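Residue numbers (the working numbering), protein chains in the order written: chain A, 32 to 286; chain S, 32 to 286; chain D, 32 to 286; chain Z, 32 to 286; chain V, 32 to 286; chain F, 32 to 286.
Nothing false has been slipped in among the hints.
Pairs count within a copy or across copies, as identical chains cannot be separated in the list.
Derived BS3-like pairs: lysine-lysine, alpha-carbon spacing no greater than 30 Å straight-line:
no.: 1; residue 1: 229; residue 2: 150
no.: 2; residue 1: 125; residue 2: 97
no.: 3; residue 1: 127; residue 2: 229
no.: 4; residue 1: 97; residue 2: 229
no.: 5; residue 1: 150; residue 2: 97
no.: 6; residue 1: 243; residue 2: 150
no.: 7; residue 1: 193; residue 2: 150
no.: 8; residue 1: 243; residue 2: 270
no.: 9; residue 1: 270; residue 2: 52
Treat the hints as calculated values from the structure; they're not laboratory data. Since we're looking at a predicted model, the values are computed, not measured.
Number of protein chains: 6
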Amino acid sequence: MTEIKDLLSGMNTVVRPDGRKVDELRPATITRHFTDVPEGSVLICCGNTRVMCTATFTPGVPRWRKDSGLGWVTAEYAMLPRATAERTDRESVKGKVGGRTHEISRLIGRCLRGVVNMKALGENQIQIDCDVLQADGGTRTASITGAYVALVDALNWAEAHKHIRSAARVLTDSVSAVSVGVIDGTPMLDLPYVEDSKAMTDMNVAMTGSGKFIEIQGTAEHRPFDRDELNTLLDLATKGNRELQAIQQAALAKD
Amino acid sequence: MTEIKDLLSGMNTVVRPDGRKVDELRPATITRHFTDVPEGSVLICCGNTRVMCTATFTPGVPRWRKDSGLGWVTAEYAMLPRATAERTDRESVKGKVGGRTHEISRLIGRCLRGVVNMKALGENQIQIDCDVLQADGGTRTASITGAYVALVDALNWAEAHKHIRSAARVLTDSVSAVSVGVIDGTPMLDLPYVEDSKAMTDMNVAMTGSGKFIEIQGTAEHRPFDRDELNTLLDLATKGNRELQAIQQAALAKD
Amino acid sequence: MTEIKDLLSGMNTVVRPDGRKVDELRPATITRHFTDVPEGSVLICCGNTRVMCTATFTPGVPRWRKDSGLGWVTAEYAMLPRATAERTDRESVKGKVGGRTHEISRLIGRCLRGVVNMKALGENQIQIDCDVLQADGGTRTASITGAYVALVDALNWAEAHKHIRSAARVLTDSVSAVSVGVIDGTPMLDLPYVEDSKAMTDMNVAMTGSGKFIEIQGTAEHRPFDRDELNTLLDLATKGNRELQAIQQAALAKD
Amino acid sequence: MTEIKDLLSGMNTVVRPDGRKVDELRPATITRHFTDVPEGSVLICCGNTRVMCTATFTPGVPRWRKDSGLGWVTAEYAMLPRATAERTDRESVKGKVGGRTHEISRLIGRCLRGVVNMKALGENQIQIDCDVLQADGGTRTASITGAYVALVDALNWAEAHKHIRSAARVLTDSVSAVSVGVIDGTPMLDLPYVEDSKAMTDMNVAMTGSGKFIEIQGTAEHRPFDRDELNTLLDLATKGNRELQAIQQAALAKD
Amino acid sequence: MTEIKDLLSGMNTVVRPDGRKVDELRPATITRHFTDVPEGSVLICCGNTRVMCTATFTPGVPRWRKDSGLGWVTAEYAMLPRATAERTDRESVKGKVGGRTHEISRLIGRCLRGVVNMKALGENQIQIDCDVLQADGGTRTASITGAYVALVDALNWAEAHKHIRSAARVLTDSVSAVSVGVIDGTPMLDLPYVEDSKAMTDMNVAMTGSGKFIEIQGTAEHRPFDRDELNTLLDLATKGNRELQAIQQAALAKD
Amino acid sequence: MTEIKDLLSGMNTVVRPDGRKVDELRPATITRHFTDVPEGSVLICCGNTRVMCTATFTPGVPRWRKDSGLGWVTAEYAMLPRATAERTDRESVKGKVGGRTHEISRLIGRCLRGVVNMKALGENQIQIDCDVLQADGGTRTASITGAYVALVDALNWAEAHKHIRSAARVLTDSVSAVSVGVIDGTPMLDLPYVEDSKAMTDMNVAMTGSGKFIEIQGTAEHRPFDRDELNTLLDLATKGNRELQAIQQAALAKD
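Chain A extracted, bound-state conformation (with noise of 0.2 Å):
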């Protein structure tokens, strides 16, 4: 990584208002078994942001994919109504999905499914739910991160009870995801609320453990940036990716 710290040499005397340095993620930790019942079950918590992810496995396809020999592999994200400071109103009660859930949901699905041989899992289904217990900023890529721990737990369990052939075949890589974002012209990794809502450019990188991009959703309503900026949000995404890997490797390491 020392390519990273040259590059952002001169960024280094920032100070971020939880004290860590711009290349710094927030304390992150999974629980694996969080809850009893699914075939995956796992909280991720990447500073005050806490989300839990299970998975679902479930012999079998919708309709529109039968008799493809292809599994399936979707996500639905959600928050529960007390995440945020101020309190959300239930989509159940406001009767639909809303645009920004949408989104997320099928950038989650993406994801997971850009790691998944779909021959391999067969004529089987994996719904991922990510449901935000705390929201402090980069739900999204907490939940990516945490999916994936509990989609291997869930391949596990169906390669136990015979379901599949091999959970190790099904999955082609590991997955994490990272924000990073420029605020008052600094680039910087994880952001929090309070930063991400400053910030003029605001990125999401997924990457695979072979340090492959799944997705990347840069946006920049509030300034443009430019092709330097964006290498160096994508050595940010790097780093960051990498670090929360081995937390995800060491998670799946312990019994």
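Fit chains S, D, Z, V and F to the supplied structure of chain A, relying on the hints for placement.
For chains S, D, Z, V and F alone, kept in the frame of chain A given last:
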């Protein structure tokens, strides 16, 4: 409680799947400050049932209540999709709140309003959210018992922040709830899912700390019950609520 | 009923707005064959409350019940917009069924299922519709009482049309329901709207012809009640249901 | 009406299922004060079709009409689930109002607005509700005919309660409606369901007491009609409306 | 058309905002193959009103029509949000289809079914979509006129692709529609928005190429009309439809 | 663009289905004043993809933005039912906006807000509507490119009508967007549907006239991509956007 002992004398030989006696509660714990943001945030575990209960204090009341000088307390109940053995579709995705959810949300709201002096609360609103993380029977009664503790925390917060003069004056009493039922002819206390699904008669009883009833909901879709059975069930519920109220008080005594 | 007389001795001096005694039902009438088309069609009037109850018999059961050998009974309750003093918006126009409607529909369904032998019904479905033409308190209990008569007519129709072997074998008992409540400290039977809105405790009690309970829903949002009050209320409800069942039988005896 | 007799001379030998002549209305009755609460409440029976029509008078108008000095009249039509031979699912449960319901509600509203002087009504609103208790063809025309009588009662109530100066000034005319159609080449008046479902051409005609048209809705999905047939149908409709208006006047003459 | 000239002789001095005579259509053009993908795709312009009409041919029919040997034709109408002077909210965003949309969709469907032989169509479905790009009065009648041409193209496509034996046998006639109305006492043909909004009587008339009526929808919310006015309006509509049918034929004659 | 030529040197032998080179845009045209009523109305054609983009200027902002001194820009995207090879059901009929629609509407809104100075816009709102008349890949990027031109027209209208002081001051830059992707290992510019559905990696890139990024959305559900591929894709997108911006400027230069 000597009279229950007598009434139930013949029943104590019954073996319940989890080894409990017929008049024994499942282990129950109440964790306050489960999340950081809400004015009240409680995790209640009753056996394997786990519910997160938050209380949101908001100055002001809904429009229909304006200028009445009275406050308002309302509640919403929901299950996370994988709280259950089989995944349940999200009501937000289905686009409507189901009948069972409506029924339970209304029950929780009535029980809490039953111990609140709306005049002392003034024109302020408390919104209770009960989200079931894991369901193993008795989710609605656990919600009531946990929500009361979250309510107390929210009122203490409101007193500390000068929104109300005195939390103690708002609360006219405490409230807890427990389920009882008749299984294979035997009345039992605090039914987990495996028992609940076999119960001929099922009753949820919410009681105040002073031992009075706020709600009795007895239903006997599968076999009507007579006055004697009713009395035994109410005795069991009285015993269970007394014990749950001790757990509530112990949790509130901690700082 | 001598014991009620004693219990209530001090209460009989209370003057109710409509001149009734505390343990006196409103005049109740049940008109069968109110409309021509349904298998069962009943108009029930309890004081000024008027509910049209129809029972629709359909061979076959919903998909989740297929191949079980069991039948199904379900109910829907609704109010016409101008059943009430102020016009209520239609739920069809609002686009969703409200919590109160859901709660009552489910209550009616459970009460009727409580007296039906699903095996004897076979794989047939009965749908109960209770539409309130005019509401003056007690609409849910009137719905149950009227729906039972419509159910009997529908079963007799099904027997006559050879859909079931014997209506008598399907019915394990009869069912009626009545409201009771505590007003200004006095327990009373069968509350019209003017009393219902002042009741501190409000209880709906559904009982079988053999005097057992199918549902007890007591709610005391405004003042908790103790065991003695509960017992008095149940005595009143027993008296009221006995009288309503006589009216049901008389209606069914007519051709 | 001699000219119709001539036009139809050859047709009078046609035997209709219920024995009527081609230019004969079904027996029609109008019962005022059918329920007690609404400002206007009418039960209209046209043969086996029975519709409950209520008129709700409310001071004030919807927001878009404020400060116009003008009133508003609107209507909603609905069928009870078991008004029909096969049970129809409730639109409240389906979560949306169907196209047919929308179309009819709008038709009823236009017809009544066609005889109301909005300036004389002042900033007051009348909401018409037409709920079909039993459907046997012609429910929309029966709704219009019955709703007019409910409207008159509501306006008289409003005059008596000093909400408007004069009911007579608000009403510019009376209105009724009837269906006509061509069956097997023969034009006929007032079609019950059995005829309506066979009609090649189907027309609903709303007319004022002074014999003018407010709405003509002719539809010939199954066989186009020519100008001569149109004229015969309009003659029949004129005759039918004249008779219905006599029934309206007779009902309004009673106290 | 000499008879209309006489009837209208006194009216021809009326100056319309766009300089037309009272019995004169707005310039109308029909462009086939407006988009490439649909089986039929037409842009119809009637003055400033522009509607895109597509016809989708699909083998097979909806479930309720299966095994009948008959085809089905259905239509949906919608306005783009900025077809109107003030932007209209999308019905997809509001979550429900409005009454006006429902009413018009049903009208278009009936008109087209009125010229289709369902037996000759066989078990195939045609879905008409009419999307208003710009609205200046008469959008529903322009939709019908344009949709007929799209329908012909779709049927010719189906014949060429061997889905049906003969497009000519499916079509029993052609159909077009035009609006007429009474403005300040003067009957007029083909009303743009500025006239439509002032019309006391408003009528939409769909006619076949052989001069018969398929739909007449006359509404006189603002002033009833008598038989003479009706006859004049029908004469105007006949003239307008004859001219529109010539434009349809000319468009279809081009390759 | 010499550097792209080099990077792509080996790729230029690839034959695309429509004969284009890998770094070649489809023919693109922008027609202003496509309809007469909106403040901005544009038809953009990119190959066979055709989108109608309107911009509605409304004085005032939504409630949550009031008294901020800032304006607001929002967007809605939709497809006509027969824009696609198989007809797509209308979201208005389904009763909810789908996830894809939500995602794209939000993307378009962010891109346009990225070049708008909300302070200079003042408390005024611009609503962008992008309705896809025909879809052949790249509908979201064509929407952004077309919507920018509609936005400029609407701002010029607002300046001419004195709603804003200066359109030029509101616009901080221009914006266009284009899709790029990797097909069979080859990065390509501007994918039509036939290529898009085979792309392993798919990226939409919105850039300003000054060559900065506003949005990068790269997704690799089917095969992750590395940093080199990313750079090639961004080079292609830069070239494409530069050419689209020339087309935008040419369209805006016309009167």
